[in-house]
Amino acid sequence: MALRSVSRRLGSRILNHRSFVASLHSHATSFGFQEVKEEDKSKLVGNVFTNVASSYDIMNDVMSGGLHRLWKERLVGKLSPFAGMKHLDVAGGTGDVAFRIYDSIYSVKRRALQKVDEASLEETQIYVCDINPNMLNVGKQRAAERGLRDNKSLVWVEGNAEALSFDDNSMDGYTIAFGIRNVTHIEKALAEAYRVLKRGGRFLCLELSHVDIPIFKNLYDLYSFQVIPNLGELIAGDRESYQYLVESVRRFPPQEKFASMIADAGFEKVEYENLVGGVVAIHSGIKL
Amino acid sequence: MYRTAAKRLLGGGGAFTATRLLRFPKLRSTIIPSYYTSGLCTSSVGGNAESPMGGNQSVNPNQSGHTASSSSTSTGEGPRRDESRKPRAEFQEEQARVLSASLRHVPRLGWTEEAMMAGSRDVGVSPSIVGSFSRKEAALVEFFMDECLQLLMDKIDSGLDLQNLIPSARIAKLIRIRLEMQLPYMSKWPQALSIQAHPLNVATSFKQRAMLVDEVWHAVGDGASDLDWYVKRTILGGVYSTTEIYMLTDDSLEHRDTWAFLDDRVKDAFDLKKSIQEAKYFAQDIGAGVGKSVQGLMNGVMQTMSRRSGGSTF
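If you read the sequences in order, they're chains A and B.
Per this note's numbering, the very first residue in the first sequence carries number 7; after that it's consecutive.
Per this note's numbering, the very first residue in the second sequence carries number 6; after that it's consecutive.
Nothing false has been slipped in among the hints.
As a list, the in silico DSS-like pairs of lysine-lysine whose alpha-carbon atoms are at most 30 Å apart:
#1 B:Lys212 - A:Lys84
#2 B:Lys141 - A:Lys84
#3 B:Lys237 - B:Lys160
#4 A:Lys263 - B:Lys141
#5 B:Lys193 - A:Lys84
#6 A:Lys43 - A:Lys194
Some chain B residues near chain A, calculated using beta-carbon distances under 8 Å:
#7 Glu95
#8 Phe96
#9 Glu99
#10 Met122
#11 Ser125
#12 Val130
#13 Ser131
#14 Pro132
#15 Ile134
Hint data in this document are derived by calculation from the structure and do not stem from the laboratory.
By construction, the Cβ of each residue, glycine as well, lies at the ideal position given by its N, Cα and C atoms.
All chains, full assembly: derive it from the sequences and hints.
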């Protein structure tokens with residue numbers, strides 16, 4: 007999930023941003039529980055992804071017990087997609103969220119229930135943005151398998167969450183699922199999200215978050231630190247990468263802090279909903 | 006509740022508007038839909054009480070809402086509190102603006118998301134905003150109900166000629182004014198009623214109707230605050246609802262049949278009151294009569310017993 011997006015970020019960073027990065031003052035950032043320089047982070051994270059890329063789909067299902075599908079369903083439900091919307095899914099990679107949005111808009115049942123204007127249906131655009139072209143290719147392949155290869159509604163774009171190539175005020179919706187944790191500068195990604203959204207547009211972020219319930223927290227920590235790295239070793243053959251994963255979840259700001267960061271970026275009606283007691287949280291905001 | 010309670014608390018005097026302003030400023034200001042405050046966050050500032058499995062957090066620096074939350078709000082820590090008041094008011098205003106614009110589309114599209122999306126396009130906001138309204142269609146219906154109530158209150162304040170009418174005629178007039186506000190939406194009103202009857206929305210719609218009924222009684226000049234108060238409002242609520250439903254299928258010219266129906270029901274209600282009064286007196290009389298005879302009997306028994314015991318020799 008999250009690991010994927012970081013590897014993509016690594017690829018693009020090294021190719022395009024090396025000189026840019028070198029000219030910046032070197033800040034320290036976190037790599038799991040270690041403190042590392044920013045340039046190093048992407049390299050370390052890149053190593054993580056190179057190692058796990060091949061089996062993370064299976065790992066997603068195993069780690070979350072298949073729950074990640076339900077979480078994504080909930081995310082799309084909250085979004086309430088409508089025909090004719092322009093939507094951007096960042097760090098969308100293989101298109102999990104994008105396909106759900108597409109199905110939600112084009113489902114026959116929905117069209118029967120509501121008076122959907124066929125013309126506006128044509129105008130729907132779902133952009134899937136990802137930093138790694140390989141992931142986008144996988145997404146395109148999955149689209150082809152669903153018969154959506156030449157569908158004009160799904161557009162696969164390569165890009166960086168911190169510097170999107172879309173126009174200001176051009177998107178009705180923006181989602182980022184399990185991707186923002188790996189962005190080096192979260193504020194930049196939030197600022198970019200604010201920039202591309204139209205007035206009234208919604209920002210939705212699905213991310214692993216913090217658990218505070220007393221006993222459940224202990225169980226969750228036990229599961230994270232004892233079970234997941236072992237699973238990683240067993241299935242993916244890489245313990246360190248999954249150690250990084252669970253550590254990075256702990257380092258990500260808690261729900262309240264992240265919500266205030268979203269509000270700082272300019273969003274209003276900032277809310278969050280905890281799923282499974284805080285293991286996952288959906289943050290939302292509106293640009294007004 | 007509401008206004009009669011307010012009057013009692015503030016000594017029963019004072020100007021009409023002053024009372025209202027003091028007690029319920031929210032009714033006077035820009036339409037802040039009640040559904041918003043009743044549906045959303047609790048106001049535990051800074052307190053995080055987590056609940057498992059899909060539970061929600063709430064931190065709300067602003068004054069507001071009641072009851073259970075379906076989502077939570079956090080608009081930043083302490084220093085941002087003042088600024089956060091403005092953005093939230095802005096969202097409410099935006100929501101009110103969108104819903105107000107949506108009403109124009111209701112006769113054509115019904116009380117639906119489509120109408121709200123059309124409304125949002127009119128205002129110049131992305132239709133995505135509709136996704137963030139809590140209980141979407143209910144939001145529109147409740148907004149309309151609040152607006153009608155506000156209009157009714159304004160009409161009452163701006164001087165309706167009620168003094169020359171007897172109470173039953175006053176009530177009939179007020180209800181008629183209120184129901185006429187719904188006429189443009191008559192074709193889609195059954196849908197609105199079904200939305201209001203939905204379990205999720207019943208609480209809010211009940212509260213809105215209670216406020217409406219209270220408003221009407223207050224305008225009629227009722228100052229009762231005992232058990233009678235509940236009875237009066239319940240009966241008036243019944244009269245209003247039945248007339249509303251009757252109006253759904255009324256085809257007569259200018260809804261003449263509905264107003265006749267309304268007058269009959271109001272008359273029935275007042276007759277009922279008289280009948281209850283009469284029944285009460287009747288019961289009292291009987292009670293008095295029975296009481297006297299029982300008392301007489303008991304006296305007789307006591308005398309007999311005392312005579313007997315007094316007379317006996319132990």
